[in-house]
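Engineer: If you read the protein sequences in the order shown, they are chains A and B.
Under numbering that gives the first Met the number 0, residue 335 is the last one in the first sequence; the count climbs by one each step, no gaps.
Under numbering that gives the first Met the number 0, residue 335 is the last one in the second sequence; the count climbs by one each step, no gaps.
Among the hints, a few may not be true.
For chains that are exact copies, the list does not tell them apart, and a pair is met inside one copy or across any two.
No farther apart than 20 Å at their CA atoms in a straight line, the calculated lysine to any residue pairs in the SDA-like style are these [to be verified]:
| no. | residue 1 | residue 2 |
| --- | --- | --- |
| 1 | K136 | Q40 |
| 2 | K37 | S127 |
| 3 | K290 | E313 |
| 4 | K136 | V320 |
| 5 | K37 | N206 |
| 6 | K136 | I5 |
| 7 | K136 | A41 |
Hints were generated in silico from the structure; no laboratory data involved.
Number of protein chains: 2
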Amino acid sequence: MRKISIKDVAKQAGVSIAAVSQILNHKGQRFSEATIEKVLQAQNELGYIPNSAARNLKGRHKRLIGVIIPSFRMPFFADIIQSMQNSAPEDVNLVFLGSTDENLQDAIFSLVERGVEALVFGRLIPNSNEVNIFLKKFHIPYLVLDQNADINAQDMVQINEFTGGSMAANHLLALGHRNIALILPNNLTDNMLQRRAGFLDTLSTANLRPKKVIETTLSKHGGLAAVKQLIQSNSTAAFILNDEMAIGILRGLAYQHIKVPNDISIIGYDDTDYAEFMIPTLTTIAQPVAKIGETALKMILQRLDHPNLPFQTEFFDVKLVIRESTGPVKHYQDNT
Amino acid sequence: MRKISIKDVAKQAGVSIAAVSQILNHKGQRFSEATIEKVLQAQNELGYIPNSAARNLKGRHKRLIGVIIPSFRMPFFADIIQSMQNSAPEDVNLVFLGSTDENLQDAIFSLVERGVEALVFGRLIPNSNEVNIFLKKFHIPYLVLDQNADINAQDMVQINEFTGGSMAANHLLALGHRNIALILPNNLTDNMLQRRAGFLDTLSTANLRPKKVIETTLSKHGGLAAVKQLIQSNSTAAFILNDEMAIGILRGLAYQHIKVPNDISIIGYDDTDYAEFMIPTLTTIAQPVAKIGETALKMILQRLDHPNLPFQTEFFDVKLVIRESTGPVKHYQDNT
């Protein structure tokens, strides 16, 4: 069939070729709605694609990188994938999959089947041995993001979580707190295990253990649900293993008219972009999320270009961000 | 090459077949670390995939649906894609792309090239005519989510945004407010244009116009930056076009020791999952986000099964969620 030309569109729409060209190039403001409509309709009926558009639509071959994360609702991962998105080179397309343990292998297979060239895992890999074997067979390099427990570790991005937990403990100890609660999610990732280890290790150097350990679900509602136990524990401070839970704690304490930090100090973890907008603003441990996403992408692209490079691990440090939600412990006399 | 069997792994690891089977099926707790390590290493070296895993990894063919959204950092979209993820049937894989106007056509092409079977657009489509022609040529059905301006509209999910804006205005008017500010992002999506239209239309029925209209960036920081102008406007209430900006406003007002709702009432839009955790909790207009995501997915899968169905549009209503951030206007005498 003969290739449809701009002439055909002009003829069918009953307007000049110049008019069609300007309208299809979005420079048709001076034309009436009716004329624009006629031209677009003719374009539609004839299936005419302007050369400019054709060029765009064909594109050159792009490298497709798959990124698998546990949830799109956790700001930590949303920030990471957004930073990968923002730093992706022209010739790279990123696709993101949320995946539960149950369907992870299916998700991986589906991406490989669709010609994904490399994978980034932002989640723990169950059966990592089988996954590793499978991806090796298909020559798909992969990078494990923000996880340290993979026995088949290839390229890795590691965050100094132990130090993060330790910083949180030191901050509260320096403020004079001795009755400190620890609030954990029911299921701890390997990173969180290290956070906890760093926190407990530092408390123990002061011959302390947590006044109370509370387990709850990894969400704002989980934090809210933990507030009653936290209050009953008579702790003067609490380390909450992520900001999402800490936001729920702040809200729950406000419902009970308990003042932060006057009555109790609260420190979270992650420094998600909500932390600085809380009332009070949330003291937390900042992970360099944007840097983590960028680096992970850079490393996996490097791996694609140089498959035989030795496996690399990039380490990232965390830092304490002191805001309004932590303060000195009150002595009894002024604890009114 | 002969297929590697469990026998080979047992032989190489120097353990029994039963041991290998139990360890590779994650029932090997009773074995020593060393034994487990030996078996996993042998499995690795020989590239043995247990039948159970092989079954998982092969999977049956899954339908791949591509979802393109403007940003992973906007809770509204994060909620929608999470709800699609959660409601996706066994035989469907969803991949999500964040895309700017500039690279949208490339992103689409890349997904089509990879064998995506249908697309859901969670963002405005620039050059929608060309995109429409391109996708028609490849017989890729698509659904436009949360947008109303697409002249090539196929299946659509529409939200009654005009009513949403009107509800916000009515709520503030009913509380006695007459000096009402309107806070907008610099760039308004078609949905937001309708929100604003509903709001202005309802104000005008009370012979009112906004006391002040403030444009800012579509983010928490954008809201924060708008606070100075809001205070100078002497408004007693403000309608902010989304919750993200409203969260920034709440924080900025707190920095200025301006009490919400005593000094000024604040109403947002979206009811993202942070709204109920703000201090004060945020009055807002709720979109049935989870329902929207589920329905969009259901509709596009239906379209795949029945390509010749007439195009469908699903309408969703919004509702006013009254929380702590709005209250009655103060009369001058008690406005201290």
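Engineer: When no copy is specified for K136 and A41, does a C-alpha distance of 20 Å or less occur within a copy, between copies, both, or neither?
Structural biologist: between (50 Å within a copy, 16 Å between copies)
Engineer: How would you classify K136 and Q40 at a CA-CA limit of 20 Å: within, between, both, or neither?
Structural biologist: Answer is between; shortest inter-copy Cα gap is 16 Å, intra-copy 50 Å.
Engineer: How do K37 and S127 come out at 20 Å by Cα distance, when the copy is not named: within, between, both, or neither?
Structural biologist: between (58 Å within a copy, 16 Å between copies)
Engineer: Cα distance capped at 20 Å. Does K290 pair with E313 within a copy, between copies, both, or neither?
Structural biologist: within (11 Å within a copy, 41 Å between copies)
Engineer: When Cα atoms must be at most 20 Å apart, do K136 and I5 count as within-copy, between-copy, both, or neither?
Structural biologist: Close across copies (18 Å), not inside one copy (49 Å); limit 20 Å.
Engineer: Indicate which option fits the pair K136, V320 if close means a Cα-Cα distance not exceeding 20 Å: within, between, both or neither.
Structural biologist: Classified as neither; 44 Å inside a copy, 53 Å across copies.
Engineer: Between copies, within a copy, both or neither: which fits K37 and N206 at Cα up to 20 Å?
Structural biologist: Result: close neither inside a copy nor across copies, 81 Å intra and 40 Å inter.
In this structure, the earlier hints numbered 4 and 5 are contradicted, and the remaining ones agree with it.
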